[in-house]
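What follows is the residue order along each chain.
There are 2 protein chains.
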Amino acid sequence: MGVVLNMDGKRNMASVEPLIALTQEEMGKVNELILSKAGSDVELIPTLANHLISSGGKRLRPMITIAAAQMFGYSGEGHVRLATSVEFMHTATLLHDDVVDESDLRRGKKTARMIWGNQASVLVGDYLLGQAFRMMVDVGSLDALDVLASAAAVIAEGEVMQLDVAKNLETTEDEYLQVIKAKTAALFSAAAEVGPIIAGVSKNERAALKSYGTNLGLAFQLVDDALDYGGSAKDLGKNVGDDFREGKITLPVILSYRRGSEEERKFWKHAIEEGASDDAALETAKSLMTKYNAIGDTIARARHFGEIARDALAPLKSSPQKAALTEVIDFCISRVT
Amino acid sequence: MGVVLNMDGKRNMASVEPLIALTQEEMGKVNELILSKAGSDVELIPTLANHLISSGGKRLRPMITIAAAQMFGYSGEGHVRLATSVEFMHTATLLHDDVVDESDLRRGKKTARMIWGNQASVLVGDYLLGQAFRMMVDVGSLDALDVLASAAAVIAEGEVMQLDVAKNLETTEDEYLQVIKAKTAALFSAAAEVGPIIAGVSKNERAALKSYGTNLGLAFQLVDDALDYGGSAKDLGKNVGDDFREGKITLPVILSYRRGSEEERKFWKHAIEEGASDDAALETAKSLMTKYNAIGDTIARARHFGEIARDALAPLKSSPQKAALTEVIDFCISRVT
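Order-wise, the sequence lines are chains L and C.
Residue 316 in the numbering used here is what sits at position 316 of the first sequence, and the numbering runs on without skipping anything.
Residue 70 in the numbering used here is what sits at position 70 of the second sequence, and the numbering runs on without skipping anything.
No incorrect hints appear here.
Copies of one chain are not kept apart here, so a pair can be met inside one copy or by any two copies together.
List time: in silico EDC-like cross-link candidates among lysine to aspartate or glutamate, alpha-carbon distance up to 20 Å:
1. 181 - 41
2. 181 - 43
3. 167 - 43
4. 181 - 101
5. 167 - 246
Hints listed in this document are in silico derivations from the structure and should not be mistaken for laboratory results.
Please model the complete structure; the sequences and the hints are all you need to start from.
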């Protein structure tokens, strides 16, 4: 079964609440550890780090790590540190991303780089990455270290790929999927996989959680892409049309461009490649997306990956964690439907 | 005994040659590993990485790792990977530094950011850091991982500290030493310490090599600071006066400012804090440094740390590696004397 529909505005939607409830105790410890490990005698570091850390991200990735460890009966404290490492890797990536994308807003607040500059954002990102690795070392699992270190390299690789395809409207859907698999899905994948690793369970369970994370990450990113042309700034914590104004190649653009007429493709080139992306152009872009059902089909693609994530978990024995992680798939997709 | 003097231009100076000779075989493997691990299907990554990697750095840090492992009879292959990790961490730092400092030249070549942009430099730095951690994980020593991960965090911390003191002429010598201890000496220290760690020797030897690395790193940075007001661009691979033009606070500036008259301090404020740092101002700066022996005293400070590095190694039993590492101290200092 696919997405649970939101009818009449009632709260019968798929929800992240079960995951939050299951991981509440450990996430309290994660939050403490975040504050302590983002600390430094160099005041600018905690100030800048906390600006982003306290800005209301959902902490989906660390919750996945916690639940994926609980699921296999893990009873130690290592998952708290690994979850914190995952969140730090995510935060470091956001800090560097905002510099690379020259973004002004993130989750409805000014980006760190707008307040403290690009330089501090690059360096505090580096610091958080170093702290993340220190925590992983503390946990002492070389397997978990391998998965997370590889993810760090792959994420950076994905970001460079994205520079490569930047403003190139001829980018294929396959090429774009490769980019988001690296830049977004790799961390979801690692976050999920380190759960069974630290719980010491078999290869099959590792593979299941890894596949779950990868496909959830792909779905998550595609929904994000759709939201950028659809939701309201309040829901998003970012301005609708940010991707468009930055000339970013995302799936709704790729589909609209490929399906468009010669003349429509000229519009896209003008807007994305030459930067003619004012409000009027954004309206045109949205109407072309409607004409070719580019948003609807982006969400359909997200659902496809959501189904794969669901099936990845299917053979595992029933547990509240399995149910919560499965519901999160629908939750991610229902942000936009 | 201090520095071996260079008389009549003859090659009787302290030299890095013994260290090069001792580590030649392993450094060949390090170079292969560098090329392979800087590789990626994303072409921009090896292109950008190799621009910097092949630009003729001395590879002092990885040579130190190799020699420090050899010294204790290590016979495996792990030191090659750790040495490569150290060089990647160094390269990643340089890529991010050039972005943070907005530098145009590095080792006499255009910086990567001038050719491929700040964005790519940030991201390829992240990629190399991720690859460095993967190699460390391959080696499998949690102790070595701990030392290098801590160094990564401390280096970033030092760079943020440097932003903090940027253009602040009231920075004390102590504060400045704290900055360079973190941003430069931490990696020398880690490079040296992982040698005995992987060779599995006792705490005392680890402490000796760690202290050697730290103090060599401090001496190295202070000599670099002096060279920026002294050497020729050809020797340096950078423009003399780069630090001055960027308004960087380094020890020669700190000493000249603190020793100067009220009026001379006004000159420094104008030059460093307000950016009035043209060629004429550089000449004035140099003459004030001569007046107060700021370069000579910076080198004297470097010698002081060099002596501590020498004494750190002193109790270890004689070996070609000990001799070569000791000679490198004088080599670093004699770059400028």
